[in-house]
Every structure is written in structure tokens, then in C-alpha cells.
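Asker: So the chains spell out like this:
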Amino acid sequence: MILSNSPALVPLSLLLAAIVIPMAAFRRRWLAYPLALCASAFATGISVVNIIRVLTEGTIHYHFGGWIPPIGIEYVLDPLSSFVTLVVNAVSLMVLVHARRSVAAELPDKSMPFYAVVMLMLTGFNGIILTGDFFNLYVFLEISSLALYGMIAVGGRKSPIAAFRYLIMGTVGGSFYLLGVGFIYMTTGSLNMADVARIAPSLHQQPALVAALGLMITGLGIKMAIFPLHGWLPDAYTYAPSASSALIAPVGAKVGVYAIIRVIFYVFGVEFVRNSLPITEILAWLGAIAIIYGSIQAIAQKEMKRMLAYSSVAQIGYIGLGIGLANPYGIIGAVLHVMNHALMKACLFLVAGNYRLKLGHSTIPRLDHRVRRRMPWTTAAFTIGALSMVGVPPTVGFFSKWYLALGTIQNGRWLFLTALLVSSLLNAVYFFRILEKVYMKPLEGEAADDGSVSLDEAPASMLVPTLVLGIALLLLGLLNAVIVTGIISRIVPPGM
Amino acid sequence: MFDFIVGHYAYWFVFILMAIGLYGMIIKCNLVKKLIGMSIFQVSIILFYVAGANKWGATVPVADPALGTADPAKYINPLPHTLMLTAIVVGVATMGVALALVITIYKRYKSLDETRLLEQMRKEDDTE
Amino acid sequence: MRTYRPNPIVSLVSRLVSPFIVMFALYVIFHGHYSPGGGFQGGTLIAAALILIRLSEGNEAAQLQFPRSWGTPLGSLGVLIYFGTGLATVLMGGRFLDYSVLHLSHHVSMSRSYGILMVEIGVGLAVTAILVSIFDNLLEGNPDV
Amino acid sequence: MGIDTMTISFVPLLAVLVSLLAVPLILFSSRRPNLREFWTFGAGIIKFGLVLSLLPGALAGKSVGIELLELAPGIRLALKADPFGVFFAMIASGLWIFTSFYSIGYMRGLGEHKQARYFSAFAVCLSATIGIAFSANLLTFILFYEILTIATYPLVIHKETPKAIRAGRKYLAYTLTAGLFLIAAAAVTWQITGSLDFAAGGIFKSHPMAPSTARILFFLFLGGVGVKASIMPLHSWLPTAMAAPTPVSALLHAVAVVKSGVFGVIRVVGFVFGPALMKEFGLGRILMVFAGFTIITASLLALKQDNLKRRLAYSTVGHLSYIVLGAGMLTSAALTGAMLHIAFHATMKITMFFVAGAIYVNLHKENISQLNGIGRVMPWSMGAFTVAAIGLSGLPPINGFISKWYLGMGSVQADTLIPLFILVASGLLNAAYFFPIVHRAFFRRPDGDELAGHGEASPFMVVPLCLTATLSLAVGIYPDLFFRFFRLASNVAGAILGGA
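Chains as they are written, first to last, in our numbering: chain F, 28 to 523; chain V, 184 to 311; chain R, 116 to 260; chain X, 130 to 629.
Hints listed in this document are in silico derivations from the structure and should not be mistaken for laboratory results. It should be emphasised that the depicted structure is a prediction, and the values quoted were computed from it without experimental measurement. Mixed in with the good hints, there may be bad ones.
Unchecked claim - Straight-line Cα separation of at most 30 Å, DSSO-like style, residue types lysine-lysine; simulated pairs:
(1) X:292 <-> F:329
(2) V:306 <-> V:238
(3) X:209 <-> F:464
(4) V:293 <-> F:137
(5) X:292 <-> X:408
(6) X:191 <-> X:494
(7) F:137 <-> F:385
(8) F:329 <-> X:494
(9) X:334 <-> X:209
(10) F:329 <-> V:290
(11) X:243 <-> F:385
(12) F:329 <-> V:306
(13) V:306 <-> F:385
(14) V:238 <-> F:329
(15) F:137 <-> V:290
(16) F:464 <-> X:292
(17) F:385 <-> F:329
Take the sequences, apply the hints, and build the full model.
Answerer: As C-alpha cells, then:
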């Protein structure tokens, strides 16, 4: 029973938690956190079951209410969706473990709604990833976006403005997507992705269908924060509470990426896209520009979270580039980078959270060697995350870059290769800037008060997830071939 | 060509509304005006769907014994309407969140002018 | 903002109209599964009736009718009814929201119909509670009302 | 040694891992210096033993190795101890023992801070170097190459002075860029050939390339390995990085890092491109032009340095290009000479750095102009320095003569005399910048009586430097002594050229 419903159980369990938390915590506030954690752990467990099922049984279709598509809504579990749900749920679980203390410190009286909203956001994410229906995707997109606005707005004084700007942008994005869906429905008469994929080639580049493609990619591009549409991202990540930004940054933009991959490669197909609009080309260029722009902006930032936010812009550029290359290596690189970036960003944002808890700030100029003395393990996790961002082997960062590089070479795009490699250097600049500060003594003039600084590490509930993510970066880097051959190579759409 | 323009007249209005909405969201500095633009924008898309569902000479999609259920051309396509019902709900929820945000912003900054708010934010960033 | 001053006409009319709105709303909800209408629309109507009282009678009187602390739990309860129906179908061995397995009636189609009715009730409850609490939240901290 | 009971193919892996395993031990015993140094030492000896145990197989021309997990589809993390790898690993691990011994004296003599970090980074560096030596394919090579880059960084900035930090930044900027070139080059190679495995004679054999592609690819590779090999104009990080403590300069900048660079050059020339391709596209000549330019310019620059370590650094830049020059000539004698020079330059240069460090610890002098009469207080050290200076100038009976002799022979074999002239000129320049130091040390009177009361440096430092000097001398007289450098080198040269 559980097994046969396993695809639906992931979002449903999270949704249930989102409902139960406000009711249960009506009288007992402390119940909110354990419920959220249980739901997230359950969802992660089911995601593992799902991915095993997909790998053994092949693609699974789950029909809601027993209605057969295209009439009913179906959930599709294929290697891509099962992989991305697992990444999203596992990373969120880690962040949630970490969140208890940071939420208690930063949002003391809002913890119950916070966890409910987090559950809602995760429901939305999982729904986006699993659904096989265009309109259903829109609904989940908006559910997750609404939850995101809330999660950002509970931060400090400035966070409502950031949330509002995100809301405006996000609504435009969602509406563009909805408009695109409207065009699709009017030309094909179906909202089911597989159905549309079957019908679309026979429509021979009908202008309405091409317009639909363009509108959907633009809309999803805003949600994904690809370069010129990224304006909302830095403020949103910076002013959100630590727990929110640690949840949003790793997985938030990824679902947009996922939806774009789905639309371009699985619904319309590369052939159609190439012949209709130069979307892949544009995505690749925007990706390359985002890589450079984001990295340079990141160098200029003083706040660690803002720096990480700009680096997210760059990292999303990598993914955009991989998608835009539209060849197998590009896809492998992009999907691997989805996982990689989720892990790295989660790790780094958790570090920022730990710093905020113990030091009260995460401003780069104020970090110094005492930080390392106080929090050696957190700093070690930061180092691994930073090395992965720079792309030093054997971290995952190196390998996703490797596949992307192979992809650029396969298409003979040397300029993109250059952008890819130069950005590594820029990453090195802004990460070693921090590493230098935390690992080295202050310059002469300041008192060397080594003795007075004692070990004051973040609590275990925060430290363990940080370290787990750091170690995962190393391990998954070494084992990336297993993931690539086992899962990601099956994602590469046929005919490519 | 003329037929194309006249035949799609509903869509032209939809696009005009959409442009007005986008204009409001992008150009206007007042946050509430932005929201008004957003609302217009959302409504234009809803109208787009509804217009697309329309059929000449068809009636509401409720089974009418007089018309029978054999010929779907006699009924308007109900699916876009139901979809838009959901879209309206999404719109209401978004509007609710947005208004809550606007109220919070106004309480904290005593202003709803975006340029001034951004200036204020940067200033606070620098003093931190 | 102007201060609230009771006005007998407004008060009387809204008190008079409100029960009828609720009545109509219930009709809309309970007919939603086989004619135009449904939980969303009905829920909105109920919420309108409640908000009407809130507007005309002021906050204090309205709190007696529908306390603001009910908003979140009732909203959750509504979704939970929806969700519970779905869960029941899963527990009965079907797919999520596959009402046909619920055996509420001898006919499969009637069984579906009743299943949808339950969902509509849940939706109506949730929409009512949430809309009212949106209204309440927007007023929060505004001493003038 | 006790390792023979194991499957022989695990030995390369163990050799890489042993110093890595020492890292946690070093960190955990950071409060007990003696125990900590014991771990360093133990790991060094075991490592050297492991590498030596591979020597008989290597001499017989056999390669042993192990394939571990897949790094990327089709590319495994593979270690292979081929003769060339064993050759390099032997030098690196052997000299690590000396350096650890010396480090103890140096670090304690100066009372340096953060010694646990120092020794553990050192151990990681060694692991990476042995990993580079035993890499069976380019991706594994890149993996260890980058680890080496990162692990060296804490050593370069060890003093944490603004100068050291600047040096660290410069070092990272150069080497990380180089790593990127290498990644790009490897990716292109993979696209063209579908294989990244090193093979004597090259991996492009059955994959024809356009000349322009080959040249671009070669420059990418050169950009990758050339930075660590400090070919001009990519050399300038090396003199700056002399801000590091002297043992670091000694081991890393005379043995591990820069030698990984030249090792990489020979790997690229002999095992990726292969002599045939190099000749076909005139790539060898490109290499020779760069190397020749570097040798002369670096020697001239060395002349005007007053800081002893900087002078040694420029001398290193020049001598590394000897090896590159040898690789560019592509004849058996030249390749043999180049490989021999990897080993011999290491023993000589490490001696010199040890001496420089001993002087610094003992007398706190860094500049050559302050060294008047120092030979009277530190006769052993300066004696060893003299031996190394003779060798580096290419005079018998020190080992530097042998490698230079073969390089010269290679030049004749290659039917061009320009390299020979460069070598001779460089020898003269070497003499010109080293002998004045010797002269000052032994034949000038000390300024005032500041040297009074000072004696020889601590035995921890003097013993290793005397040993390395003796080694230089002994190998110079009989090159096949102990480690059979000569047999190995000529075998490898034969394999590269034979595989063409």
C-alpha cells in the first residue's frame, strides 16, 4: 500500500505536516519542530525508496484519483525527478536538523508558523518535481513561492522589502509560465506533459507553441534566477533568517532549473527547441555571463550571506550553461551541479548560520583567526565547501566542472570553457579571502590574544549537519562516477 | 489579416491589459500601485484562458437535458474555467501575502516609495 | 483613519443579510459537486458574511462570533478533512483521492459524489477560515478599528 | 620491510596513503612534539621503504599498480608505479626523511608557531607528490596536482607576515590558473582520444590532429605544468614564495612542487604527446626556446640578487629549465640527462637551502653581503655548500656534472649545438653567482666581531645537509650507486623513444 503510493507520499506527507503543525502546536509549541523533522525524514526515506524503485522498475506513473491521463493528474517518477527529489529532501533534512537552534535564536516567537511554512515550501518543491502536469506544476510553483515569500519576510527589519520585490518578480514569472501553459493548452488541448510531448512534433513549429516555449522558459527563468532575471535573489538571501536562506538557497532555485530541463528536453525536445527559438543558445550565453558577473559581484561583497547569494547567481549560471549546451555532457554536468550546488550552498549557509549564532554576525571584514580557534570544525566545513566551490579535486565541485568543460569542448565553445575556468579563479579569490582571515593571525598592531579565545563550537545539532554536508561533498566527489553512470546518464534524454 | 485582428479581438484586449499590468509593476514606485498592476496582470491571464475556452453559440457547461451530452460543441470548455478558479485562489493568496508585506513595510519605514525604501536599506547596510 | 461609530442602518442591514449569505453559501457548497459552485465559492461567501459583521459591528462583537484565534486551526482542519478523505482512499487500497474505493454508496458514481462532497466541505471550511484570518491579520496592530 | 607478504600492487597505494594517515596522528599529538615528530619520521621511513621495494620491479621495466574507484565514467582513480614514477617517488620520499630531520632542528631552533599544521601540511604534500609520481592517468594526475597546490598553500604562508600572505596569494593565483589549464587540456584530450591513460610514446598515436589543435593543446598543457616547472614567464611565484620557512623552500621548491612540474613536463612530452608528435609539429623546439630563454635569463637575474634564498630561487628556475630543455630535445641521452637532473639537482639544491636555513637560524642572516667569513664559524655547512655549488656549475666530480654531460650529449645527438652553448653559458653563470658566496665565506674577514661566540648550527640541521652533500658527491662519482638512478633514467628514456 505504501509502496504503491510512494510517489504521492513525498509531497503528501509534507503537506500533512504543514497542516498538522499549526493544529498540534496550537497548544504545545514545542511539537512543531519534531513534527517537521519527522515529515522531512519520512519524505527523504520515501525518496530513497522511490529512487530504488525507479532504478529497478523503470519509470513509474502515479495517477491521482485513479484517473488516467490526460484527463487525470499524474505523478511521474523517472530518474531525473527521483534524483532531484532525493537531493532536495536530503539537503532540506540536513538544514532542518540544523535549523532548530538557529530558529530558536533568530525567530523565538515565530517558530511554529516558520516550520509550517517550511513544510509547505517543501510540498511545493516536491510537487513541482514529481508532477507530470503543466497546470499542477504552476500550482505547486505558486505554493512554494508563497511559502518562500513568507520565509524571507520573517527575517530582520529589511526582509519584508526583499520579500516584496521577490513577490513581484516571482508573480511575473509565475504568470508568464501560466500564459505559456495557456498557449500549450490551446494548441494541443492537453496539459499532460507526456501527452504534449507526443503531440508537439506533429504541430510543426506552430507559432503559438513557440510562444508558449518562450513564455514558459522566461517565467521559469525568473524563478531560477538566471542572470538578468536574478535581481530579487541577493537581497532575498541576505535578509532572510539564516535558517530560511539555508533552505532556500540550496534548493529554491533548483526546482526552476528542474522545470526548465523538463520543459526543454522532455516535453518539447531538443530538436523542436533548436528549430524554433535559439533558447538553448541564449541560456548558454546568459549562463556564461552569469558565471562571470556573479563571481565578480561576490568578490565585492562584505556580508558572507550576500557573497554566497551572488555566488549562487554564478552557480546557477553553470547550470544554465550546461542546459544551454544541450549535449549529454552538458546535461550530466548541469544535473550533477544541481546536486553539488545544493550540498555546497547548504554547507556554506549553515556555516554562516553557525557564525551568526556564536559570533552574532557573518560580516567578512570582522572575521579573524579567533573564529577558527572558537569554531574549528565549522571552519573546517567551510574550507571544504570553499574548495568545492573553487573546484579542487576530489570534491564534487571539480567533477561537475569537468563534465561541463567536456560539454563545452564537445560543442567547440571555447569562450564558454574560458568563462567556466576563469570563474574558478574568481571563486578562489573570494573564498581564500575569507580563509586567509580565519586561518591567520592578525597583522601586527593587534594584540595576539590566542590564550583568551577558548573553544566555543556551535551545538551538535548545528555542527553535525554542517559536517555531514562537508563530508558528503568529498565522498560524493569520489563516488560521482557511480551517480553519473547509475542515475544521471539515464537522465540524458534519448536521441541526444 | 483584418480577420485575424478582428477575430482575435478578445486576445488583443488581454494583451493590452497585460501591458498595463506590467507597466504598473515595473514603472510605478508606490508599492500598492505595483500590487494593482500585479492584479491587473493576473486578471489579464485569467481572461486569456476564459476567452480561449469560449465557443460561439455554446452554453454553460452544465448538463442540460434539452441539449443532451452528445455534442461537446454545444458546451463551453469547462476546464479552463476550473483552472482559472485555482489561479484566482493563487492570486488571492499572493495578494494577501503582498498586502501583509506592504503593511509591515509601511510600519517599519513609514513609506511605500520603492526608491526611497531601497535608499534607506542601503544606508542601513552601510551603517551596520 | 476615522474612528468607528455605530450606525444603526448599516448594523441592521448587515445583521439581516449575513445569515442569508451563509445559507446561500451552504447551498453552493453542498451543490458544488454536481452543479456550478463548490467549496471555494461557498467558503468565500461564508467569509464574506463574517467579514461583513466584522466591518459593521466592529472587532469586539465580531470576536464573539468568530474569534480570530480560530483561523489557523479551522483552516488546518478544513485541509485535514480534504486530506483525510484522500488518506482514507489510500488506506482502502486505492490511489490518493480515488473515491470509488470508499464504498459510500452502492453506485460507484454516487460514492464518488459523496467523496467529492466531503472534500468540498473541507475546502469550504478552509477557505472561510483562511479568508477571515487574512482579514484579521491585515488589521492586526491597527488600534483604530 | 615486511610488505612483501602483501600483494605487490597495493604498494603504490600504501606509499601514497602512509603519510596521509600520519596527518591525524600528527594533529592529535600536537601537544607532544616528540611523538608528533616521531609520526612524521616513521611515515617518511615507511614511505621510502615502500618506494624502494618497487625499485627492483621498476629496474626490470615492469609496472605495478592498482585501479580504484571510477572518478568519472571511463576514467578510474588509478595508481601505477612505472619506472619513471618510481624514479621520482624515490627522490621525493628519500629527501623527505632528510627534510623532516632538518625541519625539527629548524622549527625548534626558531620556536615557530603552529608546528602541527606545518608538519601535517608537509605530510599531505608528500602524499600528493607520490600520488603525482604514481598517477596512471591524467585525471588522477590532476587530482593530486591540485591537492599539492592546496596543501602547499599553508606552508607558503606559514609565517603569516604580510609578505608571506602576499606570497601565498601570488602562489595560488599562479598555480590555480595552471590547474585550470591542465583541466582544459585534459578535457580536450579526452574528447579527442577517449583515453587519459599515460602511455610511453603518447596517447595521441592513433588520433590524428590538426597542427593548430596540437599546438593549442600543447600550450594548454604547458600552461598547466609550466607554472610549477617555473618556465619563464610563469616563474615569478617561485622567488616570492621564498618567504616560506627554509625547509619548505628546500623540500617543496627544490623537490616536491617544482619537480612535480618538470615531472609533469616529461609526462606530457613522453607519455601524452609522445616524441613522434612532438617532432612532427615542432613542439620540442617550442619547448627548447622557452627553456633556453629561461636558463639564461634566470641565471642573469640570479646574479643580481643579494638575498641568499632569492638567489637560490632564481638558480632553481634556471636549473628546472635544464630538465625542460632535455625533454624538448627528445633524444635518448637528453631525456636521460633531464631525468638525472631531476634527481641530482634535488640533492644539490636541497643542500644549499639547508645551508641557507642553518645560517638563518644560527646567525639570522639572509643576505649574501653579510656572509663575510662565515665559513670559519660554520665550516661543515659552508663546505657542503661549496660541494653543491661545484655541482650546480656542472663541474666534476659532483653529480651535476653527469646530468649536464648527458644533456650536452643529447644536444649533439639532436644535431643542434645551441642547447650545448646555452648549457655551457649557464654553467659559467652558475659559477659566477655561486663562487663569490664561497669566496666570501672562506676568504674574507668577518665584519667586526659579530660572529664571535657563534658555532656550527644544531646537529639536526648540519647532519642532513652534510648527508645530502655526500650523496651528491657519491652519486657524482658513481651514478648507479644505491638507487641506480642512471639505469632507471636510461630505461625510461628508451621506453619513451621506443614507444614512438
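Asker: Look at each hint and say if it fits the structure.
Answerer: Hint by hint, here is what the structure shows:
1. X:292 <-> F:329: holds, 24 Å
2. V:306 <-> V:238: violated, 56 Å
3. X:209 <-> F:464: Answer violated: residue 209 of chain X to residue 464 of chain F is near 39 Å, above 30 Å.
4. V:293 <-> F:137: Within the cut-off at roughly 24 Å; holds.
5. X:292 <-> X:408: This hinted pair is violated, its Cα atoms lying about 43 Å apart.
6. X:191 <-> X:494: It is violated: about 48 Å lies between the C-alpha atoms, which goes past 30 Å.
7. F:137 <-> F:385: holds, 21 Å
8. F:329 <-> X:494: violated, 41 Å
9. X:334 <-> X:209: The hint holds at about 21 Å.
10. F:329 <-> V:290: Distance of about 28 Å is within 30 Å: holds.
11. X:243 <-> F:385: With Cα atoms ~25 Å apart, residue 243 of chain X and residue 385 of chain F stay inside 30 Å; holds.
12. F:329 <-> V:306: holds, 14 Å
13. V:306 <-> F:385: holds, 26 Å
14. V:238 <-> F:329: Not satisfied, since the Cα-Cα distance of roughly 59 Å exceeds 30 Å.
15. F:137 <-> V:290: Holds: residue 137 of chain F and residue 290 of chain V sit about 19 Å apart, inside 30 Å.
16. F:464 <-> X:292: holds, 15 Å
17. F:385 <-> F:329: holds, 19 Å
When the structure is compared with the earlier hints, violations turn up for hints 2, 3, 5, 6, 8, 14 and for no others.
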